[in-house]
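Novice: Here is how the chains run, residue by residue.
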Amino acid sequence: MRIPSPRAFRRARTPDVPLEVRLEVPPVAESPGPEVIAWARGLVKVYGSGQTAVRALDGVDVDFGRAEMTAIMGPSGSGKSTLMHCMAGLDSVTSGNVTVDGEVVSRMRERALTTLRRTRLGFVFQAFNLVPTLTAEENITLPLDIARRPVDREYFDSVVDAVGLRDRLGHRPSELSGGQQQRVACARALVARPAVVFADEPTGNLDSRSSAEVLGFLRHSVDELGQSVVMVTHDPTAASYAHRVLFLADGRLVGELRSPTPAKILAALGQLTGATTKAGPATEADADTAGPGSERVAGTGS
Amino acid sequence: MLRVALRGIRAHSVQFALSVLAVLLGVSFVAGTFSLRAMLSDTFGAIISTTVQGDAYLRGAEESASAPQIGQERGSRTRIPLGLAETVRSVDGVSLALPELGGPIVLVGADGTAVANGQAPSFGTGLDPRDPGATVVAGRLPAAAGEVALESATAQTSGLAVGDETKAVIAGVVTPVVVVGEVDLGAPSAGATLVFIDPATAQELYAPDGLVSSIVVYADEGVSEKDLVTSLSSALTAAGADVGPAGAQAVTGDQARAEATASVNDVLGFIGTFLLVFAGISLFVGAFIIANTFAMSVRQRQREFALLRAVGASPRQVFVSVIAQAAVVGLVGSALGLLAGIGLVAVLRAVLARMGMDLSGGIPIEPETVAISIATGTVVSIVAAAVPARRAAVIPPVEAMRDDVATEDRSLRVRAAAGSVSLVGGILAVFLATDDRVTSAGTWLGVGAAATLVGILLLAPAMVRVALAILAGPFVAMFRPLGRLARGNVTRNPRRTANTASALLVGMALVGATTVLAATAQASTRTIVESESTADFIVQSATRDVPPDAVAAITALGSVGRADVMSFAAAQVSGPDHSQPTGTTLAGITDGAFGATLDVVVIEGSVADLPGGVAVQRSTADAQGWAVGDILTVTTDTMTVELPVRAVIDSRILPAPLVLPASTLAELVPDVQRSINAVLVNAADGVDEETLRGDLTAAVAPFVVLSVQTNEELATSLADQVDRILVILYALLGLSIVIAVLGIVNTLALAVIERTREIGLLRAVGLGRVQLAGTITIESVLTALFGTVVGVTVGVALASALPFVFDDVGLSTLAVPWPQVIGMVVLAVVVGILAALWPGARAARLPVLQAIAQE
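Line by line, the protein sequences are chains A and B.
Just so we're aligned: 61 in our numbering is position 61 of the first sequence, and the numbers increase by one with no gaps anywhere.
Just so we're aligned: 159 in our numbering is position 159 of the second sequence, and the numbers increase by one with no gaps anywhere.
Don't read these hints as lab results, they were simulated from the structure.
Be a bit skeptical, because a hint or two may be false.
As the list claims (entries may be wrong) - Just a sample of chain A residues kept apart from chain B, beta carbon distances all over 10 angstroms, derived: (1) 24; (2) 85; (3) 88; (4) 101; (5) 103; (6) 111; (7) 115; (8) 209; (9) 220; (10) 234; (11) 235.
Claimed, not checked - Here are some, though not all, of the chain A residues that point toward chain B, as calculated from beta-carbon distances under 8 angstroms: (12) 44; (13) 133; (14) 146; (15) 147; (16) 151; (17) 156; (18) 237.
Note that the Cβ used here is the ideal one computed from N, Cα and C, for glycine as well.
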């Protein structure tokens, strides 16, 4: 596969650039259908206790589509990383329900979570993605090796070719560029055919060219291989590769965009920042009155 | 800056705790050694001041010809007539003059066996009622033959009380005795068995020829020691007793005490040096841990140092702050080590007291001990931290501000080159040592071994990759993917792995060498005994001396065909060129023993016509250039004879350069100065071995300490002795292995902290807790294996040179005890697993998310 250049990508998908976007949170079903690979209901995550308690997630109801790339955006401290960590079983939830590929993650013990992570989930982090002592190939097959599952050579080859790392397989991470390292991480996340790939700022440390390669590859895995991807990012260009962008503010889901473009995303973010400065941080009272799915971003009507 | 340094210690207390522990262990050994020495010195000081109480002593005017006789104090000077006591009693200022009558004794305790505390000696002493040194605490002093009094501690160990009847072998004579009293000497006995008999019996048994080693003189009130000696000396001259073979001289009590103290300190100095070697090893090993801790903590805190640099700290200040931390670690570790060392000695003292060896009451804490311990620990810490501190100081602020910590891989080339030079030099020196033509081979071997070890230590980082690629093979194949992860971890920083393993490497090299040395000694002894002794039975004594009465009893047995006596004495010998005589040991062998009970290799001449001549050991003959036909001049205290060399032999069972017929030796050396080491017995015709054994055992039973053994049994019992010494060595070396384990724990714990993010990543992609702990365990085992395999290889290889170097002192048969060597490798695996327990658990407990999110 040839990785599409970012320009080609954008040209194909951005005929109209509205300056005002309507952000709303569509209602979610009680029990989602097969088109949803992962979901959360009433997800609350509180760090600390008493006076110093921080509600990082404040009653989030969200669906992530199967064979879809979903981006999670929001200002710093909005809870976007926490949401991803809770979805991926990396962090425990205070209350609420998280289900991934039919498994109730929020009720799992550590051992089950470990198994879930190595068999059903793929991860791409911002940095420190690779084990420095292993070669690129060994890093890619690491989750399979850990799970003692055989490597599907054919699929491995197709993934490796897709990320364009064929001639780099024997190299150590220190011998690879930042972009190559992230592509190895993507290949690792995909090679075990996980139900969902979680990517936390996968391009946070990359230049625009490398970013485009990595994002193009993630999108390709969704379009061509039917992979489901959830990505946290603060970069509108990165988010524009997704099918759908979710916006978080103060621990709550405040809107979503389908078929986003960088311009639309920027506009939405602009409204969000404006809104949050006006409304101030969320309080307990707000959380109580906010019915799930019924909320609109303040000022979206104007 | 100092505050920053101290806060740093508090913030990273876990890492520093392990360094403190390493210093503690090393220093406790140093402090323990010194305070043990001080305690022993006090004990023997007390013994000397209570037993050497005289104001003046009369003793032989000359050093005895038998002076070099190892391990036997008596006869270090010529002996004097005991009648001199009578002569000087009338001298002005003399209140009392008593001949010192003493010698070996075997006391049979309440349980029917000989009373003995390990290797501590047994002394029988004639106690004159006028002697002011002893206080009777129970009963009375012995007044007639067959009566004995016991020193308090001896009474306790023996289980005998006043009124009990038992037996004693006094100067080789079995005597039924009754305990009539208990005597307190006012000083600890240090384990020695002390028995007192009446002076008349003592004179009869211990001075049959009327000669004694010394006479103690007490002065009248108000007479100074100096004046007393002056009047004694003139009295001796007047009596003409100051010249001749039995000439006497007078010395002050102070001088006698000073000489006794000096000779005790010589022995204690040797023990101290021996223990200090092990203390040095443990500190050396501990230094690796300290260096590693600081290297890793400096790496981790690079940003902290960069920040300090950025806000204006000079490199010098950063350097000093790291060194200050090392000094604190060193001081705290040393202080605790000092306490631990004193505790160690207290425990040792309690154990010895339980075994019947009472030592001085308190453990003296001398200022020197404190100073040396604290200084050693602190200096070692500071020196070990100097290199990491320098690295911390020269970090450019920008460099360390970067996101990921740069892995600076300084070139190992210089270190490897130095290591190669040292290694090659060391090996050459060892080869040189194995060459027969080289003098002082032992020194060459020692220097060569040290250089080889240092070379290996320097080369270790360069060996890590290759060595671990091989060692890790089975693990990589067996534990996928854990083995590969572990291999990556141990090879990613070769310097660190090598430093961590070095501690174990040194310990294991020593253990390996010791094991081979012991096995070689055992195998050599066995070969010697079995090839050179053709006797059916060998009779020996636990006190080394076989009493002449016992020899007589054996010879008298009808079932005995031959009973050949092997006796030893010291003399001065000079060659045919009448050069300066040298002290040497003479072995006396019953005529006709060669070919009957002994079978030695004869290089030249013949041992058949030995009477009237001597046989010379090959090593001596080679060194002196003596050959068959040469005339040797042999001088003893009593006479000088000229003897022709009749044969050059090569024998290890006769540990003496010159071998004479027993009859000749008996003429040359008086009975008391000659010791019978063994009796070789052959059965009479038609007597089977079991009958002979029964007869022999019955014949020697009254002498309590004699054993009857076949060659096979003798070899085994000698091997057991080696094993017993080995246990002590292993215990001492065990300490360095304990420190080495701490080093691995330390490195792993720090590595876990350093790799927190990577661990988080692995956990995120599905590595289970057990798998993570498994990875760390394999890593630990690999490090331990590396140290052990390299260490054991070096140790075994170096020790294998021993038989080539020390062939002439009886180490002739190389034996590598493979089961023990394999055992050490297994031990390494166990050590690795143990060392990984805590760091592994720590890593497994890291919350995944926190690990990922960690800065």
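Novice: Hints numbered earlier in the text: which of these fail when held up against the supplied structure?
Specialist: Those not satisfied are hints 2, 3, 6, 7, 12, 16, 17 and 18.
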